Amino acid sequence: MLERILYNLIQVAVVIAFAPLVEGVTSRLKEILQSKRGPSIFQPYRDLWKLLHKDEIVSQQSSWIFRVTPYVSFAAPVFVALLIPVLTRYPLFFAFMADMLGVGFVLALAGFFACLAAVDTANPYGPMGASRTRMVGFLAEPVFIMVFLTISFVAGSTIPYIVQTRWVTPIANFFEPSHILLLIAFLMLILAEDGRIPVDSPSGQFELAMIDRSKSLEYSGRGAALMKWASAMKFFVLLIVFLNVLVTPWGLARGMGVGEVLLAIPLVLLKIFCFVVVLVYIESSLAKLRLFRITEFIGAAFVISVVAVITRLSAI
Amino acid sequence: MNSPPILFALDALTGALFLLTAIGVVATRQVLASLQLFILQSALLTLSAILLGLAEDSVHLFAVAAITIATKTLLIPWLLRRTVNAEVYRTREIERVLNIPSSLLITAVLIVLAYVVASPLLNAVGVPFAQINLPLGIAAMFLGAFTIAVRREAVPQLLGLLAVENGVFFAGVAIVPNLPVIAELAAAVDVPVVALVVGMLTRRIHARLGTTAVGQLASLREE
Numbered sequence: 001m002l003e004r005i006l007y008n009l010i011q012v013a014v015v016i017a018f019a020p021l022v023e024g025v026t027s028r029l030k031e032i033l034q035s036k037r038g039p040s041i042f043q044p045y046r047d048l049w050k051l052l053h054k055d056e057i058v059s060q061q062s063s064w065i066f067r068v069t070p071y072v073s074f075a076a077p078v079f080v081a082l083l084i085p086v087l088t089r090y091p092l093f094f095a096f097m098a099d100m101l102g103v104g105f106v107l108a109l110a111g112f113f114a115c116l117a118a119v120d121t122a123n124p125y126g127p128m129g130a131s132r133t134r135m136v137g138f139l140a141e142p143v144f145i146m147v148f149l150t151i152s153f154v155a156g157s158t159i160p161y162i163v164q165t166r167w168v169t170p171i172a173n174f175f176e177p178s179h180i181l182l183l184i185a186f187l188m189l190i191l192a193e194d195g196r197i198p199v200d201s202p203s204g205q206f207e208l209a210m211i212d213r214s215k216s217l218e219y220s221g222r223g224a225a226l227m228k229w230a231s232a233m234k235f236f237v238l239l240i241v242f243l244n245v246l247v248t249p250w251g252l253a254r255g256m257g258v259g260e261v262l263l264a265i266p267l268v269l270l271k272i273f274c275f276v277v278v279l280v281y282i283e284s285s286l287a288k289l290r291l292f293r294i295t296e297f298i299g300a301a302f303v304i305s306v307v308a309v310i311t312r313l314s315a316i
Numbered sequence: 001m002n003s004p005p006i007l008f009a010l011d012a013l014t015g016a017l018f019l020l021t022a023i024g025v026v027a028t029r030q031v032l033a034s035l036q037l038f039i040l041q042s043a044l045l046t047l048s049a050i051l052l053g054l055a056e057d058s059v060h061l062f063a064v065a066a067i068t069i070a071t072k073t074l075l076i077p078w079l080l081r082r083t084v085n086a087e088v089y090r091t092r093e094i095e096r097v098l099n100i101p102s103s104l105l106i107t108a109v110l111i112v113l114a115y116v117v118a119s120p121l122l123n124a125v126g127v128p129f130a131q132i133n134l135p136l137g138i139a140a141m142f143l144g145a146f147t148i149a150v151r152r153e154a155v156p157q158l159l160g161l162l163a164v165e166n167g168v169f170f171a172g173v174a175i176v177p178n179l180p181v182i183a184e185l186a187a188a189v190d191v192p193v194v195a196l197v198v199g200m201l202t203r204r205i206h207a208r209l210g211t212t213a214v215g216q217l218a219s220l221r222e223e
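Line by line, the protein sequences are chains A and B.
Its first residue numbered 1, the first sequence is counted upward by one per residue in our numbering.
Its first residue numbered 1, the second sequence is counted upward by one per residue in our numbering.
Just so you know, the hints here were simulated from the structure itself, not pulled from any lab data.
Keep in mind the model is a prediction, meaning the values are calculated, not measured.
C-beta: ideal position from N, C-alpha, C; glycine also.
Careful, some of the hints might be misleading.
Stated by the list, open to error - DEER-style ranges, computed between Cβ atoms:
(1) A:L270 / B:I39: 34 to 40 Å
(2) A:Q205 / B:L32: 32 to 38 Å
(3) A:S40 / B:F62: 34 to 40 Å
(4) A:V168 / B:D57: 26 to 32 Å
(5) B:L75 / A:S40: 51 to 57 Å
(6) B:R90 / A:Q205: 41 to 47 Å
(7) A:C274 / B:N85: 42 to 48 Å
(8) B:L185 / A:S157: 32 to 38 Å
(9) A:G156 / B:I39: 48 to 54 Å
(10) B:V194 / A:V168: 43 to 49 Å
(11) A:G156 / B:V112: 22 to 28 Å
(12) A:S157 / B:I182: 39 to 45 Å
(13) A:L289 / B:F62: 41 to 47 Å
(14) B:Y89 / A:Q60: 56 to 62 Å
Unchecked claim - If we take Cβ atoms under 7 Å as the criterion, some of the chain B residues that face chain A in the derived model are:
(15) P5
(16) A12
(17) I100
The task is simple: from the sequences and hints, build the whole structure.
Shown next as structure tokens:
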């Protein structure tokens with residue numbers, strides 16, 4: 001019992017510690033693909049350090065929501081890290097507090113607060129970004145529902161620990177058409193939810209075109225550091241759900257030994273690295289869509305998830 | 001008939017990707033991209049024929065696969081690239097009968113309809129692979145017909161017609177594993193001729209009007 005709590009805390013520590021690294025590796029790889037050198041992969045840590053030592057300025061007109069939001073945003077992925085299989089194959093102490101729908105709700109709560117905070121400061125770009133995020137969000141919602149419907153229908157459960165073993169035992173299940181289609185739909189969702197390239201440009205500096213990033217423009221100092229860290233952790237958590245639950249549930253610790261759990265950390269990071277290479281390739285080969293073309297992108301994801309459901313229903 | 005489950009799973013995967021390419025032909029803007037999707041769809045049809053041939057020990061299906069890859073992935077694209085002006089492939093189709101999100105939703109409805117239509121037939125066939133191939137083939141037929149209805153460029157409309165043909169074969173290889181090669185050969189001659197005729201026609205239209213948006217040809221014009 002005690003070690004299950006300990007491992008759960010290790011999971012949280014891994015998410016907090018390595019999320020900026022994933023961001024650093026992503027931007028470095030992207031620069032390399034464009035024949036540039038790029039910043040060091042530890043640059044996000046230095047940015048966080050710098051921001052944490054700067055003064056924070058809060059507008060007098062803003063309300064308590066603006067001050068609370070960085071902490072809510074930071075706490076949500078940390079809480080999610082308690083629920084999902086980051087390092088182990090077996091459920092840990094807090095795993096049954098909530099299922100995958102719960103994970104979605106917790107992340108949605110953080111998104112809700114970020115939108116409110118963006119409106120709160122009356123910075124002209126904030127509300128614009130917030131309304132655009134909501135637009136992408138309500139388009140992505142039905143796809144999420146279809147994906148979770150299919151997952152729960154196939155695996156008979158929405159607890160991620162049960163789902164992950166269902167897809168690979170026996171290995172023929174991996175090639176099930178509904179599984180592959182779900183992977184494609186979920187990948188498109190990750191791109192949309194995290195503001196990656198066909199939907200939004202994460203490294204863009206032009207406020208009028210921003211979707212996701214313009215919500216935290218108004219933050220400085222510690223607030224900015226927490227928001228930055230939180231968005232890196234949210235991406236990390238989405239990748240963990242995608243890789244450990246849906247695509248490759250291999251390389252996780254099976255036994256209860258401490259060594260095995262610690263060994264799982266480099267293996268999981270290796271998986272994430274492989275996926276980031278694919279992601280960088282996608283981002284570098286596509287152009288950002290115009291705002292009203294996003295409906296087409298997410299519409300395609302929706303149809304794919306519907307087809308996943310249908311092929312599953314007909315297979316019985 | 002106890003075919004290995006891995007072949008069954010791979011055929012199901014091929015079928016799902018086959019359907020995805022059919023959706024892609026409906027929804028892509030660029031003419032060239034829809035041609036490439038059609039080539040991919042034909043390759044998946046070939047793959048499915050090979051898988052079924054392995055599972056059922058049928059030489060005919062290998063012949064079908066060989067004919068498909070020769071005509072649909074090599075001959076027809078080559079013919080279309082030769083006859084139709086290269087400028088056409090660079091165009092984007094801005095004007096459609098329906099916008100892309102609504103046509104995608106209709107696509108989803110059509111797929112459900114295909115499964116509804118196919119379910120009473122499945123009991124009659126009795127081949128396990130028909131469970132996968134028959135509904136997906138019918139769905140691809142519907143989507144091809146929908147492509148012809150919804151798009152206004154000549155080449156994508158032709159590709160819709162060819163997608164219907166692909167759908168027919170995708171369903172056919174599962175229902176009739178011992179289809180005589182002569183029937184497939186007849187189709188293999190027919191389809192390139194269709195492609196050639198439409199290609200020539202498109203070339204004439206393009207030469208006369210400077211566009212291949214055949215949707216605009218509905219009204220008469222006095223000269």
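Status of the hints after comparison with the structure:
1. A:L270 / B:I39: 34 to 40 Å: 35 Å, holds
2. A:Q205 / B:L32: 32 to 38 Å: 33 Å, holds
3. A:S40 / B:F62: 34 to 40 Å: Between S40 of chain A and F62 of chain B, where Cβ atoms are some 56 Å apart, the hint is violated.
4. A:V168 / B:D57: 26 to 32 Å: Hint holds: Cβ distance 30 Å, inside 26 to 32 Å.
5. B:L75 / A:S40: 51 to 57 Å: 53 Å, holds
6. B:R90 / A:Q205: 41 to 47 Å: Between R90 of chain B and Q205 of chain A, where Cβ atoms are some 32 Å apart, the hint is violated.
7. A:C274 / B:N85: 42 to 48 Å: At roughly 43 Å between Cβ atoms, N85 of chain B and C274 of chain A fall inside 42 to 48 Å, so the hint holds.
8. B:L185 / A:S157: 32 to 38 Å: Violated - the Cβ-Cβ distance for L185 of chain B and S157 of chain A, about 51 Å, lies outside 32 to 38 Å.
9. A:G156 / B:I39: 48 to 54 Å: About 39 Å separates the Cβ atoms of G156 of chain A and I39 of chain B, which means 48 to 54 Å is violated.
10. B:V194 / A:V168: 43 to 49 Å: 45 Å, holds
11. A:G156 / B:V112: 22 to 28 Å: 23 Å, holds
12. A:S157 / B:I182: 39 to 45 Å: 52 Å, violated
13. A:L289 / B:F62: 41 to 47 Å: Taking Cβ atoms as reference, L289 of chain A and F62 of chain B lie about 43 Å apart, which means the hint holds.
14. B:Y89 / A:Q60: 56 to 62 Å: With Cβ atoms ~59 Å apart, the hint holds.
15. P5: 5 Å, holds
16. A12: 5 Å, holds
17. I100: 4 Å, holds
Hints 3, 6, 8, 9, 12 from the earlier list are contradicted by this structure; the remaining hints agree with it.
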